[in-house]
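Read off the chains here:
Protein chains: 2
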Amino acid sequence: MTTILLAADHAGFALKSTLIERFQATYQPYTDLGTYTSDSVDYPDFAQRLVNAMTDDTVGILICGTGIGMSIAANRFPGIRAAVAVTPEMARLARLHNNANVLALGGRLIDAETAIGIVNTFLATNFEGGRHDRRLSKIDLVGFDAGA
Amino acid sequence: MTTILLAADHAGFALKSTLIERFQATYQPYTDLGTYTSDSVDYPDFAQRLVNAMTDDTVGILICGTGIGMSIAANRFPGIRAAVAVTPEMARLARLHNNANVLALGGRLIDAETAIGIVNTFLATNFEGGRHDRRLSKIDLVGFDAGA
Chain A
1 MTTILLAADH AGFALKSTLI ERFQATYQPY TDLGTYTSDS VDYPDFAQRL
51 VNAMTDDTVG ILICGTGIGM SIAANRFPGI RAAVAVTPEM ARLARLHNNA
101 NVLALGGRLI DAETAIGIVN TFLATNFEGG RHDRRLSKID LVGFDAGA
Chain B
1001 MTTILLAADH AGFALKSTLI ERFQATYQPY TDLGTYTSDS VDYPDFAQRL
1051 VNAMTDDTVG ILICGTGIGM SIAANRFPGI RAAVAVTPEM ARLARLHNNA
1101 NVLALGGRLI DAETAIGIVN TFLATNFEGG RHDRRLSKID LVGFDAGA
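Residue numbers (this note's numbering), protein chains in the order written: chain A, 1 to 148; chain B, 1001 to 1148.
If you are wondering where the hints come from, they were derived from the structure by calculation, not from laboratory data. Misleading hints may appear alongside valid ones.
In silico SDA-like pairs for lysine to any residue, Cα to Cα no more than 25 angstroms straight-line [said to hold, decoys possible]: (1) A:Lys-138 - B:His-1132; (2) B:Lys-1138 - A:Arg-108; (3) A:Lys-138 - B:Leu-1141; (4) B:Lys-1138 - A:Asp-133; (5) B:Lys-1138 - A:Asn-120; (6) B:Lys-1138 - A:Pro-78; (7) A:Lys-138 - B:Asp-1039; (8) B:Lys-1138 - A:Thr-55; (9) A:Lys-138 - B:Val-1041; (10) A:Lys-138 - B:Phe-1127; (11) B:Lys-1138 - A:Ala-53; (12) B:Lys-1138 - A:Thr-37; (13) A:Lys-138 - B:Pro-1078; (14) A:Lys-138 - B:Gly-1034; (15) B:Lys-1138 - A:Thr-87; (16) A:Lys-138 - B:Gly-1079.
In this text, all values refer to a predicted model and were calculated from it rather than measured experimentally.
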């Protein structure tokens, strides 16, 4: 079973705790990379922690107020494909077409049940490949060009 | 008045055309970077075009099926802060907290009136600065570290 890595800032801390309770109840392996309190922290520090821990066998969940800041920070890294999703349909399309490996959630935008639906859909959907694979290759070509 | 740069793939072409009609009607300066037909293209090529054309005096709108692929591709670049938004509230928070300079829209997720509401809110909202500024600095520090 794929291990889920989780990281959040203070605005995502409560939703992260709720997701962890659910993972425990369903025997879903996870690693909690913090934050561990509701004290104010900087989301890029936690995006960095998660990116550093990602492997081919993990998926990530990053949570801030909207998911947007986390997605900007995480997508700086070649190999990371972080998708903001506020509905299960967005999570489904992010897996099907973008082979997203990180879900970026908004602790201030969605309730716990919506978040659980999004996570379950994300985990249950496989990448479609084909023409989408060519496009993903271009994303990291593009990224590497810019870094050169 | 800020010039808006627009780029889309085939799934975003129709919504881009609608936004351009609105910009013409409201005398909003814009530059249309394509695609110019509904033939299938690869969204990273159009994300790259827009990134190459961005300056401190422009904002960008990228449109694909969900906005997610475009946001992953564009956020590979330091200095680009691309926000997926499916509601005006997401656009507002992306400006207030993330100083987003690119809006990533989903031509298959939102209708034209919703998109126009999102764009208007994005353009009308200013960055809040303060603690958010420190966090944004960390995003690009992080990005540069990874590229080294």
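> For this structure, which hints from the list above don't hold up?
Replying inline: Result: hints 1, 4, 5, 10 and 15 break, sorted rising.
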